[in-house]
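There are 2 protein chains.
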Amino acid sequence: MELKLLIIGFGRVGRGFAELLIAKRKTLQQQFGLNCSVVAIVTRRSGAIVDERGLDLSKALKAARNGRSLAEAGPAVKNVSTIDLLSNLDYDVLAELSATDIETGEPATSFIKQALNRGRHVITTNKGPVALHLNELQKLAGLKGAVLRYEGTVMSGTPLLNLIRNNLAALSIRKIRGIVNGSCNYILTRMEEGLSYDQAVEEAGRSGYLEADPTADVEGWDAAAKLMILSQAAFGVRLKTEEVERRGITNLTRKDAQQAKSKGKVWKLIATLEKTENGVEAKVGPEMIDLSHPLAAVRGVTNAVTISTDYLQDVTIAGPGAGNCETGYAVLNDLLACAHF
Amino acid sequence: MELKLLIIGFGRVGRGFAELLIAKRKTLQQQFGLNCSVVAIVTRRSGAIVDERGLDLSKALKAARNGRSLAEAGPAVKNVSTIDLLSNLDYDVLAELSATDIETGEPATSFIKQALNRGRHVITTNKGPVALHLNELQKLAGLKGAVLRYEGTVMSGTPLLNLIRNNLAALSIRKIRGIVNGSCNYILTRMEEGLSYDQAVEEAGRSGYLEADPTADVEGWDAAAKLMILSQAAFGVRLKTEEVERRGITNLTRKDAQQAKSKGKVWKLIATLEKTENGVEAKVGPEMIDLSHPLAAVRGVTNAVTISTDYLQDVTIAGPGAGNCETGYAVLNDLLACAHF
Numbered sequence: 002m003e004l005k006l007l008i009i010g011f012g013r014v015g016r017g018f019a020e021l022l023i024a025k026r027k028t029l030q031q032q033f034g035l036n037c038s039v040v041a042i043v044t045r046r047s048g049a050i051v052d053e054r055g056l057d058l059s060k061a062l063k064a065a066r067n068g069r070s071l072a073e074a075g076p077a078v079k080n081v082s083t084i085d086l087l088s089n090l091d092y093d094v095l096a097e098l099s100a101t102d103i104e105t106g107e108p109a110t111s112f113i114k115q116a117l118n119r120g121r122h123v124i125t126t127n128k129g130p131v132a133l134h135l136n137e138l139q140k141l142a143g144l145k146g147a148v149l150r151y152e153g154t155v156m157s158g159t160p161l162l163n164l165i166r167n168n169l170a171a172l173s174i175r176k177i178r179g180i181v182n183g184s185c186n187y188i189l190t191r192m193e194e195g196l197s198y199d200q201a202v203e204e205a206g207r208s209g210y211l212e213a214d215p216t217a218d219v220e221g222w223d224a225a226a227k228l229m230i231l232s233q234a235a236f237g238v239r240l241k242t243e244e245v246e247r248r249g250i251t252n253l254t255r256k257d258a259q260q261a262k263s264k265g266k267v268w269k270l271i272a273t274l275e276k277t278e279n280g281v282e283a284k285v286g287p288e289m290i291d292l293s294h295p296l297a298a299v300r301g302v303t304n305a306v307t308i309s310t311d312y313l314q315d316v317t318i319a320g321p322g323a324g325n326c327e328t329g330y331a332v333l334n335d336l337l338a339c340a341h342f
Numbered sequence: 002m003e004l005k006l007l008i009i010g011f012g013r014v015g016r017g018f019a020e021l022l023i024a025k026r027k028t029l030q031q032q033f034g035l036n037c038s039v040v041a042i043v044t045r046r047s048g049a050i051v052d053e054r055g056l057d058l059s060k061a062l063k064a065a066r067n068g069r070s071l072a073e074a075g076p077a078v079k080n081v082s083t084i085d086l087l088s089n090l091d092y093d094v095l096a097e098l099s100a101t102d103i104e105t106g107e108p109a110t111s112f113i114k115q116a117l118n119r120g121r122h123v124i125t126t127n128k129g130p131v132a133l134h135l136n137e138l139q140k141l142a143g144l145k146g147a148v149l150r151y152e153g154t155v156m157s158g159t160p161l162l163n164l165i166r167n168n169l170a171a172l173s174i175r176k177i178r179g180i181v182n183g184s185c186n187y188i189l190t191r192m193e194e195g196l197s198y199d200q201a202v203e204e205a206g207r208s209g210y211l212e213a214d215p216t217a218d219v220e221g222w223d224a225a226a227k228l229m230i231l232s233q234a235a236f237g238v239r240l241k242t243e244e245v246e247r248r249g250i251t252n253l254t255r256k257d258a259q260q261a262k263s264k265g266k267v268w269k270l271i272a273t274l275e276k277t278e279n280g281v282e283a284k285v286g287p288e289m290i291d292l293s294h295p296l297a298a299v300r301g302v303t304n305a306v307t308i309s310t311d312y313l314q315d316v317t318i319a320g321p322g323a324g325n326c327e328t329g330y331a332v333l334n335d336l337l338a339c340a341h342f
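Chains A and B, in that order, are what the protein sequence lines are. For the numbering used here, add 1 to where a residue sits in the first sequence, where the first one is 1. For the numbering used here, add 1 to where a residue sits in the second sequence, where the first one is 1.
If we strip away everything but chain A, and leave its shape as in the complex, we get (with noise of 0.2 Å):
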């Protein structure tokens, strides 16, 4: 099977995904006899490049990394808008992998709709489109015939979404629980190691673990989007910016820290998600549990969720959270469901 790819974004995602697509080629041929190309690779600083008949990963990356326009590696389009690409170009699916923006989850989600609305697939890492928008999404491309896939907006390519979707999808989920920033968890963990709360978040920035402003880590903000996808996807449940309770980890110390580790207890940020009788209930804040708590071993970067069902107890699912190859692998994984639909 051949399947033809345009791609939005090409930050630390989008190559991450490109050099997976080229390290797993043969794999892709020899193990689902799946050939991929990139049709068109569409950034909003470093220009666009289209090739029907399939772009150079090796060349497009390279010119990326260097910090060079993509124009260097292949054929560069001027003065069209993305949407005009996206409305006719041949392609089969849409890689839409650009920031997030959360607030108003534009312009990607007009890229989505668009390639739905034409019966392409659509693979999105970006939290926005879905954190606002993925039931009305979902029910476009099921009128259309497309597939839909966000694995890596939790988790980045470790599968609980995928779990969700099909090895729990007989049961009943009750409680959806864990850590799903791995910004903040390293923040606290560095923080029980004895730094202070301004130290541990410098740190953090000098390993690419935050973003400029880390607000959206810190606060809460990231972690509740991420409530926002899975009530959307376990649930069936629409939940509003201002329905999730958020806390943030900016009023913890130090002393915080050494208190619980003292106590024999850890801070956390905790994000948890619940069916009630009054619908799905869901908030993010720190919390302290004890060191033989499951997610108390959730160290670092590491991401950690625990699924409550009726009939399989609680499930846990631990990996990475961020990541450019592992979230390069949730969009690859993506691919692999919409070329088996």
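Mixed in with the good hints there might be a few duds.
Which copy? The list can't say, so a pair holds if one copy fits it or any two copies do.
Said to hold, decoys possible - Under the rule of at most 30 Å between Cα atoms (straight-line distance), these lysine-lysine pairs were calculated in the DSS-like manner:
{"#": "1", "residue 1": "K60", "residue 2": "K256"}
{"#": "2", "residue 1": "K176", "residue 2": "K27"}
{"#": "3", "residue 1": "K63", "residue 2": "K276"}
{"#": "4", "residue 1": "K63", "residue 2": "K284"}
{"#": "5", "residue 1": "K262", "residue 2": "K27"}
{"#": "6", "residue 1": "K241", "residue 2": "K60"}
{"#": "7", "residue 1": "K276", "residue 2": "K27"}
{"#": "8", "residue 1": "K63", "residue 2": "K256"}
{"#": "9", "residue 1": "K114", "residue 2": "K140"}
Because the hints were derived from the structure by calculation, they are not lab data.
Fit chain B to the supplied structure of chain A, relying on the hints for placement.
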């Protein structure tokens, strides 16, 4: 879609599965468009009943719970061998849920082959046939256009095998490591809490976590069989029983457990499978691990397995390692895979 099931074995797993089939009847119909009927239940001790229009599962459960013959619940067949029933009845899926014979894999292996040879799908929770012959049975299933699933053979309903099959398939797995025997983990947890080995074994027995003969659990045979299954599922490599390096927990004392505790460590029975230049290396044995290690937090009858891959680092799944409904759920989940084939 209609699916007719033939069930072999109506012990704890068979009854757990039957309870789930009743409880989830509506979910299966409404969510998956699936109508399941059980046309035969075959047991070693309580007889066999057959009704091609579908048996009354509630009646069968009642008879089994009261230790009565299944004849109370439907038309009994006598003087017909199980192989004959498998050859002549009209069914779509064999659910082979009888007790494990890890040395020979029989008679379950013959039953499974008979069904596959007729092109019938097979689901099994029986470790014997899968540990000894998975590759061969999978090949037969492929030839006959049938599905063979065995999620319940490792970690009961916790979907480890489906995770590997569906979500890590494009990755290269390097190592699989974890706690796959809930009984041993329960015993070690209780010893850590102050019980002697004998007290802990006795309590595990009383709680229904051990077979009458606990050798398979405490000497590591059960964990070894699970590694043999995982080796075939993840690496396509069949191991002989003697190729698994195996030590049990019978030499551990309360003193060992307490000494570990005083060092901030804990004993766990760890199963490890690793791809090396020389093939696949497998070992089961007690290991003393740090309290901060993720597996240290896995307590009681819970199981947890970490899968190390090339592009997704480590992914860990934890959940129930035993239980009637939990293992029954593995069968139900496998049934959905057969339905969607």
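So, going through the hints one by one against the coordinates:
no.	hint	result
1	K60 - K256	neither (50 Å within a copy, 62 Å between copies)
2	K176 - K27	between (40 Å within a copy, 22 Å between copies)
3	K63 - K276	neither (47 Å within a copy, 33 Å between copies)
4	K63 - K284	neither (42 Å within a copy, 43 Å between copies)
5	K262 - K27	neither (49 Å within a copy, 48 Å between copies)
6	K241 - K60	neither (42 Å within a copy, 48 Å between copies)
7	K276 - K27	between (44 Å within a copy, 20 Å between copies)
8	K63 - K256	neither (46 Å within a copy, 59 Å between copies)
9	K114 - K140	within (11 Å within a copy, 43 Å between copies)
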